[in-house]
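Heads up: the sequence lines are chains P and D, in that order. The first sequence lines up with residues 355 to 623 when you count with the working numbering. The second sequence lines up with residues 355 to 623 when you count with the working numbering.
By construction, these hints were calculated from the structure, which means they are not laboratory data. You may find that some hints are simply not true.
Each pair may be met inside one copy or between any two copies, as identical chains are not told apart.
When the alpha-carbon atoms are kept at most 20 Å apart in a straight line, the in silico DMTMM-like pairs for lysine to aspartate or glutamate are as follows [to be verified]:
hint, residue 1, residue 2
1, K391, D436
2, K485, D436
3, K376, E428
4, K391, D603
5, K522, D486
6, K522, E501
7, K449, E600
8, K449, E428
9, K485, D446
10, K449, D533
11, K478, D568
Keep in mind that this is a model prediction, so the values were computed, not measured.
2 protein chains.
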Amino acid sequence: MARFRLDLEYCGTRYSGWQVQKNARTVQGELNQAIAKASGRRDLATYGSGRTDAGVHALQQVAHLDLETRSPPEPLRLAINDALPHDIHVLDVLKVTRQFHARHSATERSYLYQISRRRSAFAKPYVWWVKDSLDAERMRAAALRFEGLRDFRSFMQADEEAGSTRVKLARVELAEAGDLILLRVLGSHFLWRMVRRMVGVLVEVGRGALEPEDVARFLAVASSVPAAHTAPPSGLFLERVLYAGELLDRPLVPVVGVTSSRRTPARRS
Amino acid sequence: MARFRLDLEYCGTRYSGWQVQKNARTVQGELNQAIAKASGRRDLATYGSGRTDAGVHALQQVAHLDLETRSPPEPLRLAINDALPHDIHVLDVLKVTRQFHARHSATERSYLYQISRRRSAFAKPYVWWVKDSLDAERMRAAALRFEGLRDFRSFMQADEEAGSTRVKLARVELAEAGDLILLRVLGSHFLWRMVRRMVGVLVEVGRGALEPEDVARFLAVASSVPAAHTAPPSGLFLERVLYAGELLDRPLVPVVGVTSSRRTPARRS
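Given these sequences and hints, build the entire structure.
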C-alpha cells in the first residue's frame, strides 16, 4: 500500500462542488471513479485539502489516497486523466510518505477572484461581470482591512465543522488587469463562503454603496450585511495549496483571458 | 429606415452554427430575437458576413440590418446585449449607408485555429487537444503550400451555394505559443469546412502520417483524404472580417488562454 499525492485543476461549472455526494456530480466523485478505473481498485478513498463549492474552480487542488498498485506515478496519472471528463485534469501524481495528509499538512491556501467590468462572450464562466462602475482604489483600501488576524464571523456561512471564526490572512492583494479586477487572499484556512462574501462587500464598496470603514465594522461586530452580498462562484478559483516551506510565487495575473481581435479600446457593457 | 452594422463575438459551443434554422438554436436566431426585443420590431432580417458551423466561435462576426428606430447606436447596442445570452456579445453598432452589405462588402476574412498539445481542465471548448507528438516545423512547411491561388476542391464539403473551388489565400501563418500551435489563414473567401480540413491534414503531417508534399498533391488532384481528417470545430475562430482598406493587424497570439498556477514546465497529457 503506497500513499499518493495528486495535484489537480478543474473547471467547476458543471459540478456540485468538490466533495463527494450521493445523487450529485462532484469533482471528487469523478476523481474517485477515474482512479478506480485506472487502478482496478474499488475500495479507495481520496482526501482533499478542503472543499470547493458548486461552480468554484481550482488551479491547484490537492488530494491524497492510499493505493495498492505497482504502477509508477506518471503512467498512473495518464491513466487517471484518460478516465476523467475534460474539465478535470490531474497535473501531478507523487508518491509520498504516510505522514503526508492533503488537508492536515497544508499550511496555507490562496484563492483568486476575477471581477470583470466588461461583458464578453467568452468570460462568463470564469468571472463575475459587474455592470456598475467600480472604484478600484476604494476597493483596495477596503481589502487591506482584511489583512492580519481578524474575526470573520460576519463573512461566513454557518457550518457544523467550523471551529474558531478568527482567521489570519497573511496577504490580501487587489490588482487591475485590463477590464478585470483581481482579488487574491492567502491564509491558513478559510470559512465557508468567506471569500465570496469578502468580494461581495468589496464590490459594494467599489460601487459606493458601502464605505471602506464598513469592512472594519463588519470585522468588529457581527453583521448580516456581507451574507446579503455573496459574490457568485463563477469568479472564484482555489489557486494554490501550500505545504511546508512552499511560497506563493505566482504573480497576480488573470487566469482565464480572452483577448479580443479588436484594436479599439474595450467599452463597458 | 436606417442600416446598421453590428460587430459581434460569440462562443459557438452551445449553438448549431451562425445561420438561423427552424428547431435549432443558432447565433443569428438569438441575435434576431434580441434585436426584436430591443427595438420592438418583429419583421427584421439580419445578414451575416458568412456562416460558421456548429461549435465554431467568432471574435468578430459582422452582420447588417435595416431597422426603423430612433435609437442612436450605443443605447441600441446595450439593449441588444441585455437581451442576448451570455455567450453572444455585440461589440459595436454603427449606422452605415445602404451601400454597406456585411457579406458582399467584405474583402477578406481571417480564421484562427488553436491546437493544444497539453490536456487542460479549462481549454477544451477552445482548442483541439492532440495527444500525439506534433512536429511544428513540418506543419509550417506544409502550411505554406496553401498560400496563393489554389484549387481547394479536396478540402471542401460539397455545398450547393459554392461557386469556384479556387481560393486565394493571401496569408497562411503557423505559430507556437507554449503548448499551443496556432494556424491563421487570411483569404477573400472560404469553402465549407475548408479550414478544418486544412488543419486536419496539417496535424497528420505533424504526426508524421502525411508528408508536406501531400498537401501539394491534394491541391493538384482531387482527393478524399482531407475529408477523413476534418478537425473538430472547437478550435476554430472566425477572427476578423475585413472591409475596404482594413488591415489584419492583430498579432498571432492565443485567443483563449488559461495560465496555470504551476511553475513546473507543462508536461504533455
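Now the hints, each set against the structure:
| no. | hint | in the structure |
| --- | --- | --- |
| 1 | K391 x D436 | within (10 Å within a copy, 45 Å between copies) |
| 2 | K485 x D436 | between (40 Å within a copy, 11 Å between copies) |
| 3 | K376 x E428 | neither (30 Å within a copy, 49 Å between copies) |
| 4 | K391 x D603 | neither (35 Å within a copy, 49 Å between copies) |
| 5 | K522 x D486 | neither (31 Å within a copy, 46 Å between copies) |
| 6 | K522 x E501 | within (7 Å within a copy, 60 Å between copies) |
| 7 | K449 x E600 | within (18 Å within a copy, 57 Å between copies) |
| 8 | K449 x E428 | within (10 Å within a copy, 58 Å between copies) |
| 9 | K485 x D446 | between (38 Å within a copy, 17 Å between copies) |
| 10 | K449 x D533 | neither (42 Å within a copy, 26 Å between copies) |
| 11 | K478 x D568 | neither (29 Å within a copy, 42 Å between copies) |
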